[in-house]
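Just so you know, the sequences run in chain order S and C. Residue numbers for the first sequence follow the working numbering, beginning at 1 and rising by one. Residue numbers for the second sequence follow the working numbering, beginning at 1 and rising by one.
Bear in mind the hints are in silico, worked out from the structure with no lab data behind them. All clues stand as given, with none of them false.
Cut-off 16 angstroms, straight-line C-alpha distance, at most; resulting in silico cross-link-like pairs (EDC-like, lysine to aspartate or glutamate):
hint: 1; chain 1: S; residue 1: Lys172; chain 2: C; residue 2: Asp589
hint: 2; chain 1: S; residue 1: Lys246; chain 2: S; residue 2: Asp220
hint: 3; chain 1: C; residue 1: Lys51; chain 2: C; residue 2: Asp138
hint: 4; chain 1: S; residue 1: Lys266; chain 2: S; residue 2: Glu215
hint: 5; chain 1: S; residue 1: Lys172; chain 2: C; residue 2: Glu588
hint: 6; chain 1: S; residue 1: Lys246; chain 2: S; residue 2: Asp374
Just a few of them, taken from the derived set where beta-carbon distance is under 8 angstroms, the chain S residues facing chain C:
hint: 7; residue: Glu159
hint: 8; residue: Phe169
hint: 9; residue: Trp170
hint: 10; residue: His181
hint: 11; residue: Trp190
hint: 12; residue: Asp275
hint: 13; residue: Pro283
hint: 14; residue: Gln289
hint: 15; residue: Asp290
hint: 16; residue: Val292
hint: 17; residue: His373
hint: 18; residue: Tyr379
Just so it is clear, CB atoms sit at the ideal spot from N, CA and C, and this is done for glycine as well.
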Amino acid sequence: MAQINATPTSRPVLLVLALALVVLLCYGMRVAFEKPGTALKAEMLASAGAGTSFTLEDGARIPGTGNILVEDELVAVQRVTAEGSPVNSGILLLNNQHTFKVVERGAAGTKVTNHAAGASVKEPGTLFFPENFASFGDEVDELFYLILWITGIAFILTEGFFLFCVFSFWAKPGMRAHHLHGHHTLELVWTLVPAIILVALALLQAGMWKSMKMEIPLADSPDVFEVQVAAQQFQWNFRVAGSDGKFATPDDVPSVGELHVPVGKKVRVVQRSIDVIHCFFLPNYRVKQDVVPGLAVPVWFDTSRAGRFPIMCAELCGLGHTKMGGTLVVHETADFKTWLEKESTLWTSENDGQDRPDWSGASSKIWWWWDQHDVGVHYQGEKTNR
Amino acid sequence: MHLLEATDFNVTTTPWLVILGLCVLMALVRLIAPKFYSHYLWSGDHKMIGKQFLVSSLLWAVVGGALALGVRWQLAWPGSEVPGFKALFGWPDGGAAPEHYNIMFTMHASVMIFFVIIPLLVGAFGNFVVPLQIGAQDMAFPFLNALSYWLMWPAFIFMAFSFYVPGDGAGAGWTSYPPLSETMLGDGQTLWCMGVWFVGWSSICGAVNYITTIVKMRAKGMTLFRMPLTSWSILITSILVLCATPVLGSAVTMLLMDREFGSSFFVPAARVVSDAAQATGGGQVILWQHLFWFYSHPAVYILVLPAMGMVSDMLANACRKPVFGYRPMVYSLIAIAFLGFVVWGHHMFQSGMNPALGRTFMIATMMIALPSAVKTFNWLATIYRSQMQLEVHTLCSLAFVSMWIIGGLSGIFMAATPVDIQIHDTYAIVAHIHYIVFGSTLFSVFGAIYYWYPKMFGRTMNKPLAYTHFIVTFVAFQFTFFPMHVVGSRGMLRRTADPYFYGNLQGMLPVNQLMTVAALILGAAQLVLAINFFWSMFAGKVCTERNPWKATTMEWNTPTPPVGHGNFDVIPEAHRGPYEYADPDAAEDFTPQFQAPAGSAKPVPHAH
Ligand code: HEM
Ligand SMILES: [Cu+2]
Ligand SMILES: [Cu+2]
Chain S
1 MAQINATPTS RPVLLVLALA LVVLLCYGMR VAFEKPGTAL KAEMLASAGA GTSFTLEDGA
61 RIPGTGNILV EDELVAVQRV TAEGSPVNSG ILLLNNQHTF KVVERGAAGT KVTNHAAGAS
121 VKEPGTLFFP ENFASFGDEV DELFYLILWI TGIAFILTEG FFLFCVFSFW AKPGMRAHHL
181 HGHHTLELVW TLVPAIILVA LALLQAGMWK SMKMEIPLAD SPDVFEVQVA AQQFQWNFRV
241 AGSDGKFATP DDVPSVGELH VPVGKKVRVV QRSIDVIHCF FLPNYRVKQD VVPGLAVPVW
301 FDTSRAGRFP IMCAELCGLG HTKMGGTLVV HETADFKTWL EKESTLWTSE NDGQDRPDWS
361 GASSKIWWWW DQHDVGVHYQ GEKTNR
Chain C
1 MHLLEATDFN VTTTPWLVIL GLCVLMALVR LIAPKFYSHY LWSGDHKMIG KQFLVSSLLW
61 AVVGGALALG VRWQLAWPGS EVPGFKALFG WPDGGAAPEH YNIMFTMHAS VMIFFVIIPL
121 LVGAFGNFVV PLQIGAQDMA FPFLNALSYW LMWPAFIFMA FSFYVPGDGA GAGWTSYPPL
181 SETMLGDGQT LWCMGVWFVG WSSICGAVNY ITTIVKMRAK GMTLFRMPLT SWSILITSIL
241 VLCATPVLGS AVTMLLMDRE FGSSFFVPAA RVVSDAAQAT GGGQVILWQH LFWFYSHPAV
301 YILVLPAMGM VSDMLANACR KPVFGYRPMV YSLIAIAFLG FVVWGHHMFQ SGMNPALGRT
361 FMIATMMIAL PSAVKTFNWL ATIYRSQMQL EVHTLCSLAF VSMWIIGGLS GIFMAATPVD
421 IQIHDTYAIV AHIHYIVFGS TLFSVFGAIY YWYPKMFGRT MNKPLAYTHF IVTFVAFQFT
481 FFPMHVVGSR GMLRRTADPY FYGNLQGMLP VNQLMTVAAL ILGAAQLVLA INFFWSMFAG
541 KVCTERNPWK ATTMEWNTPT PPVGHGNFDV IPEAHRGPYE YADPDAAEDF TPQFQAPAGS
601 AKPVPHAH
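With the hints as extra help, turn the sequences into a complete structure.
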C-alpha cells in the first residue's frame with residue numbers, strides 16, 4: 001500500500017491550520033462569553049419598576065430567582081405567590097402562569113444587590129470561579145490557580161513538545177527512525193518529578209480540606225450562628241433559632257427558599273433530607289455538600305458582607321431538580337435582628353409548633369419530623385461531636 | 001416474580017417475550033440455515049464475535065449520540081422540542097420536559113458506557129486482535145465467547161424498552177443513586193437495572209476468557225514481555241473487570257430487591273414518601289455509592305486502558321519506531337489497575353462520607369495521575385525522532401495523545417479536594433470525562449477501525465472520507481467540549497434541565513449555543529464514518545496483502561482476512577519483542593515478531 005509522505009511544503013499549511021483552530025476557538029469563546037444572555041429576556045421586565053409585580057404568560061421564560069440582565073441593566077426578580085409572599089422553589093413548569101416581583105433594579109453594569117447572582121457574568125478578576133466571599137475561599141482559589149499554573153506549564157511543555165514532534169518528524173524517503181527502545185534515566189526523571197509535584201500538592205491541600213470539612217465550628221461559641229437545612233423534593237427549608245437561641249422551641253423561624261443569616265458570623269449548617277439526596281451548593285462561598293437522607297452532615301462558611309447569593313441544588317434529585325434554587329440573604333447585624341424579631345412573632349402567633357398542616361409550606365411538618373427523628377450530627381458510619 | 005405477574009402485563013412482560021422470541025428465532029434459523037447460524041449468529045470464532053460486537057456497538061452509538069444531541073439541544077434552546085424526538089420516543093413534549101431531559105442524559109451515558117465503549121474496546125477489538133496477536137488459534141472458550149456476546153442482547157432489549165414503559169423511564173443518572181433510583185415510579189429504572197445486570201454477566205464471561213487465553217494460549221516464543229501492548233492492556237483490563245464487575249452486579253441486585261421485593265439496603269430510616277414518614281428503612285444511602293464506584297472507577301479505566309494499548313501499537317507502526325519504554329508502559333498499566341481499586345472515593349468527596357476518608361482518597365488519586373503521566377511521556381518520546389507515515393491511524397493516535405494530556409491534567413483539579421468542592425457535579429466534570437472518553441478513547445477506536453479493517457474485512461476504508469471524518473470530528477470536538485471547562489468552573493451544573501433558571505448561569509446561554517452547534521456538526525461527521533464503514537465492507541478496495549501497514553506484530557502474519565477457525569496458515573512463533581522498527585542492521589525498517597532470525601528454518605506450512 002502506498003504510504004503518502006507529507007512533503008516539507010505541507011508542514012506550514014498544517015501549522016497554519018492548527019493555529020487557525022486555536023484562534024477560532026478562543027475567538028468563539030470570547031464572543032460567546034461576552035454576549036449577555038438576552039434570549040431569556042422577558043419583555044415585561046423592561047418597564048416594571050422596583051417593587052412592582054408582573055405575571056408571565058404561558059411559555060415565557062424567566063429564571064425563578066436571582067438577577068436578570070435586561071439591556072445591560074441588572075434586575076433582581078423574585079417569584080412570588082399571588083398574595084406577594086416569596087416562592088423560591090417548586091417546579092416552575094413552562095405552561096403555568098407565575099407572578100414575579102421586581103426586587104430592585106440598577107443602572108447599566110452596576111450590581112443591583114451586593115454581589116448577587118448574575119453579577120458574576122462580568123466580574124473582573126475571576127476567570128473561572130465566581131466571586132468568593134468565604135474566608136477559606138481565598139485559599140481554595142489560590143490552590144486552584146496554583147494547579148492551573150502547574151498544569152498549564154505541564155500542558156505547554158507536553159503539548160508544545162508534541163506539536164514540535166508532529167511538525168518535525170514526518171517520514172522522509174529512505175530514512176529510518178531513531179532506533180531507541182527506552183532510556184532508564186529518563187524514565188526515572190519523569191516518574192520522580194511528577195511524583196514530587198503531586199505529593200506536594202496532596203500535602204498542601206490536606207489542611208485546607210480539614211478546615212473546610214472537618215473542623216466545623218460548634219454552636220456554643222458566640223461568633224457561630226447555627227442554621228438547619230431540611231431538603232425535600234424540590235425545595236429548601238431553613239430554620240434558625242429564635243431569640244432564645246435554641247432549636248425545637250416555638251420561637252424558631254422557619255423559611256422556605258431563603259436562608260437569612262447575619263453578617264460577620266461563622267455559619268454552622270446542619271443538613272438533612274427527608275427524601276432523596278440533594279446537594280447544598282453556595283458557589284460564592286465554595287461550599288458544596290450532599291444532603292443525605294439518614295445522615296446529618298454539617299458544613300460551615302463565614303459571612304463577610306451583606307447581600308443576596310444563589311443557593312443551588314447540585315445533585316440530581318428528580319424532575320424538579322432543575323428548579324431547586326434558593327437565595328442566601330446575608331443581613332447587616334441590625335437588619336437581621338429586625339428580621340428575626342418580626343419573623344419569630346409571626347410564627348409563634350401563627351402556630352405553637354404542634355399543628356403542622358403539610359410538608360411543603362414554611363409552617364410545614366418538616367420541622368416536626370426533624371425533631372421527632374433526631375439523628376444527631378453525623379457522617380456516614382460515624383457520629384461526630386462536631 | 002414481579003416482572004412476570006405485574007399488573008401492567010403488556011409492558012413488563014414484553015421485554016421478556018421479545019427475548020424469548022429472539023431465542024425461538026435463533027432456534028429456527030439454526031434448523032433452516034445451520035451454516036448461516038453457526039457462521040453469523042452463534043459463531044464460536046473470535047473474529048466473527050469481534051465483528052458482531054463492533055457492528056452492534058456502532059449501531060448503539062447512533063442511539064447514544066442522538067440522546068446526547070437531545071441534551072445539547074435543550075441546553076441551547078431550552079424548552080423547545082428536539083426535532084424528531086416526539087416520534088422517536090413518543091414524548092409529547094419532544095424532550096423539553098425535565099423528566100425527559102433526565103432520561104436523555106441518563107440513557108446517553110448508560111448506552112455509551114455499557115453498550116458502546118466497553119463492548120467496542122474489549123468485545124470488538126479485544127476479541128478480534130488478541131488471539132491473533134498472541135498467535136492463538138482462537139479464544140480458550142469459544143462457547144463462553146459467544147455467550148458473552150449474546151448476553152448483551154437481553155441487555156439491549158431491556159434498555160431499549162425502558163424508554164417506552166409508562167411512567168418514568170430511567171432518569172436517575174447513569175450512576176443511579178438511591179433513594180432517587182428507588183423512588184422513581186414506572187418500570188424504566190427496573191429495566192435499567194436488568195440491563196446493567198446482563199452487561200455485567202457478559203463482561204465477566206469475556207474477562208475469564210481473555211485471561212485464560214492470554215495466560216495459556218500464547219504461541220511459542222511469545223513470552224509475556226514479548227506481548228504487544230494491546231494484548232497486555234486487555235489482560236489488565238480483564239483482571240479489572242473480573243474483580244470489579246461482581247460488585248456492580250451485587251449492587252444492582254440489591255437495588256432491584258429494594259425496588260421490587262421491599263428490602264431496604266439503601267433505604268434510610270425515617271424517609272418521607274408521599275407525605276408520610278416511613279416505618280421501614282435502616283439501610284445506608286451511601287452504601288450504593290461505595291459499591292457503584294468500586295466498580296465504576298475501575299470501569300473508567302476499562303474505558304481507556306485498551307485504547308492505550310491500541311494506540312501504543314498504532315503509534316509504533318505509524319512512527320516506524322519502537323514504543324519508547326515498553327516495560328515502563330507495562331508496569332504503569334499494572335500500577336493504574338492496582339491504584340484504580342483504591343481511589344473510588346474521589347467520586348464521593350462531597351457525598352457525606354466521612355471527610356477524613358476523603359483525604360485518604362485524595363492522596364491515592366494524586367498518585368494515580370503518576371502512571372498516567374509516565375505513559376504520556378513515553379508516547380511523546382516514541383514520536384520524537386520518528387518517521388511518521390501520514391495515515392488515518394497516525395492522526396487518530398496523535399489525537400489520542402494530545403487529548404489525553406488535557407483529560408489527565410483536568411483530573412488533577414478534581415483530585416484536589418478543596419477545588420473539587422467547587423467543580424464537583426458541574427460541567428467541568430463533563431469536560432474531563434469527554435476529553436478522555438471521546439478525545440482519547442473514541443479517537444483510538446476510530447484509528448483502530450481504520451487500522452485493523454483490512455484484516456477484518458479484506459478491504460480498506462476510503463482514505464479521503466476517513467480524513468474528512470477525522471478533521472471535522474477533531475475540530476468540532478474542541479468546540480463542543482473545551483468551553484465546558486470554563487462554564488463548569490463558573491458554576492454551570494450538570495444534569496440540570498434548565499440551568500438558566502439560575503440568574504448566575506444566564507450569561508452562559510450563548511456559549512452553550514456555540515457548544516451545541518459544534519455538537520451537531522460533530523454528530524453529523526459521524527455519518528461519514530458510518531457510510532465509510534458499511535460501504536467499504538462491500539465496495540472498498542480489496543486488500544489481500546498480509547501486512548499492509550508493514551507492522552511487526554503477529555496478527556499481520558495471517559492471511560487477509562485470516563482463515564476460518566485456526567487463524568494461521570503457518571505455525572506462529574515469536575522470535576523477538578513486539579516493536580522491532582527501525583533496526584539499522586535489518587534489511588527493512590521493520591522486523592516482525594514472526595520473522596525467523598536469518599539462517600533458521602523456514603516456517604512449516606500449517607496442515608489443515
Ligand atoms: C489522571 C488521572 C485522573 C484523575 C486524577 C481523575 C480524577 C477524577 C476525579 C477526582 C473525578 C470525580 C470528580 C467529581 O465528580 O467531583 C473524576 C470523574 C470522572 N473521571 Fe476521572 N480522573 C483521571 C482519569 C480518568 C480516566 C482515565 C477516565 C476514563 C477513561 C476518567 C473518567 C472519569 C469519569 C467518567 C468521571 C465522572 C463520573 C461521573 O460522575 O459521572 N478519569 N475523575
Ligand atoms: Cu436537586
Ligand atoms: Cu474515578
